[in-house]
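J.: Protein sequences, first through last, are from chains A and B.
In terms of the UniProt record's numbering, the first sequence opens at residue 1 and continues consecutively.
In terms of the UniProt record's numbering, the second sequence opens at residue 1 and continues consecutively.
Keep in mind that the hints were calculated from the coordinates and are not lab data.
Hints should not be assumed to be uniformly reliable.
A pair counts as met if it fits within one copy or between any two copies, since identical chains are not told apart.
Here are the simulated DSBU-like cross-link-like pairs (lysine-lysine), alpha carbons at most 35 Å apart as the crow flies [stated by the list, open to error]:
| hint | residue 1 | residue 2 |
| --- | --- | --- |
| 1 | K90 | K76 |
| 2 | K76 | K45 |
| 3 | K90 | K45 |
| 4 | K49 | K90 |
Protein chains: 2
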Amino acid sequence: MSDRSGDVARDETTNLISSDKVEGTSVYDTQGNDLGSIHSVMIGKTDGKVAYAVLSFGGFLGIGTNYYPVPWSALKYDTNQGGYVTGMTKEQFQGAPSYDPSADWYNRSTGWSADVDNYYGRHGVIGH
Amino acid sequence: MSDRSGDVARDETTNLISSDKVEGTSVYDTQGNDLGSIHSVMIGKTDGKVAYAVLSFGGFLGIGTNYYPVPWSALKYDTNQGGYVTGMTKEQFQGAPSYDPSADWYNRSTGWSADVDNYYGRHGVIGH
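Isolated chain A, as found in the complex:
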């Protein structure tokens, strides 16, 4: 539903960022390498809090075209780069839990979020 023809700055305030802007934004490692981008974010239904960013590497760097959910706290927005920075390396993503975009993985009540939390050592959803 995004319109990228305009100035992206309009999707952002000092405190807030639009889901439109988050989606498609690049993710960099701490060396400044462009690893991939954010496909979407997973939002807690009850607390309205972003729990996971779903990363897409588009087959770059040999990481494959699957979706990689990552705890939101593992990403930090960097205004200079205009994207998110993660402490994860390409090699760490290669071993991370990932899911077929066409499969029903989001809808599985158990499994993936625990696997993801364990892998990254962070909880996407506090208390779950």
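With the hints as your guide, set chain B onto chain A.
T.: Then chain B, alone, in the frame of chain A:
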């Protein structure tokens, strides 16, 4: 960035919902009338919490084509309807703060969020 060709159920878990699914989802009043849809959501940069849903009425019901930011807490997801329900009426939206989609309103540091919070009597961002 959304792919609506698949089963929408895959964008959802018991606890989480994808930004892909939120965007474009219908908003109903308490009578079940379809008022419009969610264009995007505004996420707090530091707390990762959804503060506002940006509604689009697409000119339906005489409400116009502007964007209407609404505090996220004013919407409740209803699984039966497969959309969000608000206690707001069409008439209340007609008088609500709204912004030109092509303008730089998101990026204004002051003004719109206070106007929106005042109108709906709710805070989009707690503590702001």
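J.: Measure nothing new, just compare the shortest in-copy and cross-copy C-alpha distances for K90 and K45 to 35 Å and report within, between, both or neither.
T.: So K90 and K45 pass the 35 Å test inside a copy (31 Å) and across (25 Å) alike.
J.: With identical chains, the pair K90 and K76 could be close in the same copy or across copies; at 35 Å between alpha carbons, which is it: within, between, both, or neither?
T.: within (17 Å within a copy, 39 Å between copies)
J.: When no copy is specified for K76 and K45, does a C-alpha distance of 35 Å or less occur within a copy, between copies, both, or neither?
T.: Cα proximity of K76 and K45: in one copy and across copies (22 Å, 9 Å).
J.: Cα distance capped at 35 Å. Does K49 pair with K90 within a copy, between copies, both, or neither?
T.: both (27 Å within a copy, 28 Å between copies)
In terms of the numbered hints stated before, the structure departs from none.
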